[in-house]
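Participant: The primary structure of each chain is shown beneath.
Number of protein chains: 2
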Amino acid sequence: MIDFDLYLERQRERINRALELCLPAEQIPASLFNAMRYSIMAGGKRLRPLLTLAAAEALGVDGVRVMDIACAVELIHTYSLIHDDLPAMDDSDLRRGKPTCHRVYGEAVAILAGDALLTLAFALLARYGLEKGCARAACLISAELAAAAGAAGMVGGQVLDLEAEGQLPDLAGLDRMHRLKTGALIRAAVRSGALAGGAAPRELEALSEYGSRLGLAFQIIDDLLDREGTAAELGKKTGVDQGRGKATYPALIGQTAARRRAEALHAEAVSFLDGLEIPAGSLRELARRLVYRNN
Amino acid sequence: MIDFDLYLERQRERINRALELCLPAEQIPASLFNAMRYSIMAGGKRLRPLLTLAAAEALGVDGVRVMDIACAVELIHTYSLIHDDLPAMDDSDLRRGKPTCHRVYGEAVAILAGDALLTLAFALLARYGLEKGCARAACLISAELAAAAGAAGMVGGQVLDLEAEGQLPDLAGLDRMHRLKTGALIRAAVRSGALAGGAAPRELEALSEYGSRLGLAFQIIDDLLDREGTAAELGKKTGVDQGRGKATYPALIGQTAARRRAEALHAEAVSFLDGLEIPAGSLRELARRLVYRNN
Chain A
1 MIDFDLYLER
11 QRERINRALE
21 LCLPAEQIPA
31 SLFNAMRYSI
41 MAGGKRLRPL
51 LTLAAAEALG
61 VDGVRVMDIA
71 CAVELIHTYS
81 LIHDDLPAMD
91 DSDLRRGKPT
101 CHRVYGEAVA
111 ILAGDALLTL
121 AFALLARYGL
131 EKGCARAACL
141 ISAELAAAAG
151 AAGMVGGQVL
161 DLEAEGQLPD
171 LAGLDRMHRL
181 KTGALIRAAV
191 RSGALAGGAA
201 PRELEALSEY
211 GSRLGLAFQI
221 IDDLLDREGT
231 AAELGKKTGV
241 DQGRGKATYP
251 ALIGQTAARR
261 RAEALHAEAV
271 SFLDGLEIPA
281 GSLRELARRL
291 VYRNN
Chain B
1 MIDFDLYLER
11 QRERINRALE
21 LCLPAEQIPA
31 SLFNAMRYSI
41 MAGGKRLRPL
51 LTLAAAEALG
61 VDGVRVMDIA
71 CAVELIHTYS
81 LIHDDLPAMD
91 DSDLRRGKPT
101 CHRVYGEAVA
111 ILAGDALLTL
121 AFALLARYGL
131 EKGCARAACL
141 ISAELAAAAG
151 AAGMVGGQVL
161 DLEAEGQLPD
171 LAGLDRMHRL
181 KTGALIRAAV
191 RSGALAGGAA
201 PRELEALSEY
211 GSRLGLAFQI
221 IDDLLDREGT
231 AAELGKKTGV
241 DQGRGKATYP
251 ALIGQTAARR
261 RAEALHAEAV
271 SFLDGLEIPA
281 GSLRELARRL
291 VYRNN
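Chains as they are written, first to last, in the working numbering: chain A, 1 to 295; chain B, 1 to 295.
In case anyone wonders, no lab produced these hints; they're calculated from the structure. All of these numbers come straight from a predicted model, not from anything done at the bench. Cβ atoms here follow ideal geometry from the backbone N, Cα and C, with glycine treated the same way. Any given hint might turn out to be false.
[Claimed, not checked] Below 35 Å or equal to it, Euclidean Cα-Cα: the simulated DSBU-like pairs (lysine-lysine) are: (1) A:Lys132 - B:Lys132; (2) A:Lys98 - B:Lys246; (3) B:Lys98 - B:Lys45.
[To be verified] If you want the footprint, here are the derived chain A segments under chain B, 3+ residues with CB under 8 Å: (4) 86-98; (5) 121-133; (6) 136-145; (7) 149-157; (8) 160-174; (9) 206-213.
[To be verified] Simulated DEER-style distance windows between Cβ atoms: (10) B:Tyr292 - A:Arg96: 44 to 54 Å; (11) B:Ala264 - A:Pro24: 51 to 61 Å; (12) A:Ala172 - B:Tyr292: 52 to 62 Å; (13) B:Asp93 - A:Glu263: 47 to 57 Å; (14) A:Met41 - B:Gly254: 29 to 39 Å; (15) A:Arg96 - B:Glu20: 55 to 65 Å; (16) B:Pro201 - A:Gln27: 44 to 54 Å.
All chains, full assembly: derive it from the sequences and hints.
Facilitator: Shown next as structure tokens:
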């Protein structure tokens with residue numbers, strides 16, 4: 001898939017350029033803007049914005065047109081990483097291979113940089129609505145991302161995760177936590193692109209199912225990599241989940257069953273694309289690489 | 001002004017009821033929703049949503065119609081209080097007469113409750129746009145509030161404030177910090193109501209000037225109350241600014257000059273209402289009470 005490698009490289013370049021542009025180059029207070037830029041440009045995989053662009057493109061809308069939405073999704077993801085890494089939460093020193101935001105800029109600025117990134121995400125969605133003349137779609141997408149990122153989504157999942165430490169939930173409990181903590185935003189990334197692409201109800205439904213299965217598969221693979229991978233590959237400390245007594249899929253059902261489950265979810269995810277009459281090659285290939293990755 | 005007392009009481013009741021309704025009654029994880037509700041219902045003055053409603057009403061739009069916007073403004077304000085009170089920031093134990101959110105629910109849940117309230121604010125704005133069929137106005141208001149609350153507004157001001165501790169800035173520096181930290185959201189609260197009310201450019205301009213002067217006057221009075229007031233009156237610890245070596249208006253220019261400046265700003269603020277052909281009585285009286293208050 002050399003073509004797809006090229007596609008990914010080009011898309012990531014476009015996303016990175018757009019992210020850089022949405023943060024003004026010089027601003028007072030410098031520490032805040034430096035912290036925001038530091039975390040945003042720390043070199044993530046850009047999975048979520050890639051999904052947003054791919055969903056919109058599958059529906060015939062050029063990625064350039066929905067770039068503000070893709071950036072908003074990545075800003076929300078990055079803010080959540082900064083806050084999750086804080087001493088009061090996961091207390092992580094390393095993220096994406098670099099010291100975490102609060103290790104470099106201090107706790108106060110890290111909290112505020114996260115707040116500012118979250119706020120900027122909704123500024124971008126509003127700008128999309130105003131500049132592209134599609135305010136109603138912008139409101140739909142804003143509602144979608146706010147629901148996925150908020151108390152009944154990602155933030156709620158993080159609380160469940162924190163409160164579960166030291167306890168061993170069952171598989172249903174672990175699924176519920178991760179559907180909120182990781183799955184909701186991945187699903188919303190896909191749905192946002194679909195909404196921007198003017199998806200028909202049937203298409204939106206299928207893409208939602210694709211996104212939610214992908215989100216859970218992604219988390220299972222994350223758990224497996226935390227157990228098997230090395231810090232050099234992952235850019236963050238490994239073995240953290242075990243050390244902390246966190247429930248993980250491999251801990252709960254074993255490594256082999258966990259991998260099999262991720263592969264089954266992947267197969268289900270792409271099966272939802274089969275019924276659609278849209279060119280879903282990118283969505284299909286993104287799903288494959290996400291499940292068969294090593295970082 | 002017995003009539004205005006009644007008006008205020010009724011408006012506050014409507015705001016409080018709407019705020020309660022926007023937080024679902026029972027949800028998992030309970031700690032998160034309890035923390036959100038605790039901080040939101042801790043009995044603030046509701047100044048900002050009152051300004052939003054009054055601005056919309058002055059332009060002939062019923063407050064009920066823009067209640068989602070007023071609530072969004074108060075959610076943003078409350079999230080900022082939760083985060084400002086954190087140990088890594090101002091490290092406050094008392095807020096609105098009660099233990100601060102992190103003293104009751106712990107730091108992690110307090111950070112996340114703040115995040116969730118900020119996110120919910122933008123969900124309400126999106127809902128306003130979709131349900132009231134005014135998506136474009138919702139995008140304008142969302143952009144307005146995101147700009148006022150973000151890195152170039154409230155969050156930036158908080159960083160400036162943290163970084164200024166122990167130093168004595170000049171008056172221009174203090175003004176700049178407070179225009180961002182407090183002023184931007186107060187101005188945006190007025191402008192959001194005005195935008196929802198379909199303000200003409202001239203009206204929006206005048207209301208913006210009113211709002212920005214009111215915001216600065218509000219902060220000067222806050223500084224004076226911190227120095228003169230009692231904890232019982234204010235519901236938070238007093239004398240904090242002095243103890244911490246924070247620059248304040250009374251410290252910089254003296255109490256008499258500070259009070260005179262607040263009164264001059266108040267006079268300027270209401271003068272901008274004079275040129276408008278709208279019934280601005282509520283905006284006028286809100287400004288008066290804000291400057292001549294004792295808590």
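Participant: Confirm or reject each hint.
Facilitator: Hint by hint, here is what the structure shows:
Restraint check for lysine 132 of chain A and lysine 132 of chain B: the C-alpha separation of about 21 Å stays at or below 35 Å, so the hint holds. Between lysine 98 of chain A and lysine 246 of chain B, the direct Cα distance comes to roughly 34 Å. Compliance with the 35 Å bound is thereby established for this hinted pair. With a C-alpha separation of about 14 Å, the suggested pairing of lysine 98 of chain B with lysine 45 of chain B holds against the 35 Å cut-off. Counting residues of the region 86-98 of chain A whose CB lies closer than 8 Å to any CB of chain B gives 3, so the stated coverage by that chain holds, three being the minimum.
Closer than 8 Å: that is the beta-carbon criterion, and the region 121-133 of chain A has 7 residues meeting it against chain B, so the requirement of 3 holds. Here's how the region 136-145 of chain A fares: 6 of its residues keep a CB closer than 8 Å to some CB of chain B, so the rule of at least three is met and the hint holds. Using a Cβ-Cβ cut-off of 8 Å, 6 residues of the region 149-157 of chain A lie near chain B, which meets the minimum of three, so the contact claim holds. Given a C-beta distance limit of less than 8 Å, the hint that chain B covers the region 160-174 of chain A holds, as 3 residues qualify and 3 suffice.
For the region 206-213 of chain A, the stated coverage by chain B is not satisfied: 0 residues place a CB nearer than 8 Å to a CB of that chain, which falls below the threshold of 3. Between tyrosine 292 of chain B and arginine 96 of chain A the C-beta distance comes to about 52 Å, which sits within the given range of 44 to 54 Å. Under the hint 51 to 61 Å, the C-beta atoms of alanine 264 of chain B and proline 24 of chain A, about 33 Å apart, miss the expected range. In this structure the hint that alanine 172 of chain A and tyrosine 292 of chain B lie 52 to 62 Å apart at CB holds, the actual value being about 58 Å.
Aspartate 93 of chain B and glutamate 263 of chain A have their C-beta atoms about 51 Å apart, which keeps the hinted 47 to 57 Å range intact. A hinted range of 29 to 39 Å is violated for the C-beta pair methionine 41 of chain A and glycine 254 of chain B, which are about 46 Å apart. For the pair arginine 96 of chain A and glutamate 20 of chain B, the supplied restraint of 55 to 65 Å is violated, since their beta-carbon distance comes to about 40 Å. Between proline 201 of chain B and glutamine 27 of chain A, the C-beta spacing of about 28 Å breaks the proposed range 44 to 54 Å.
Of the hints listed earlier, those the structure fails to meet are numbers 9, 11, 14, 15, 16, in rising order.
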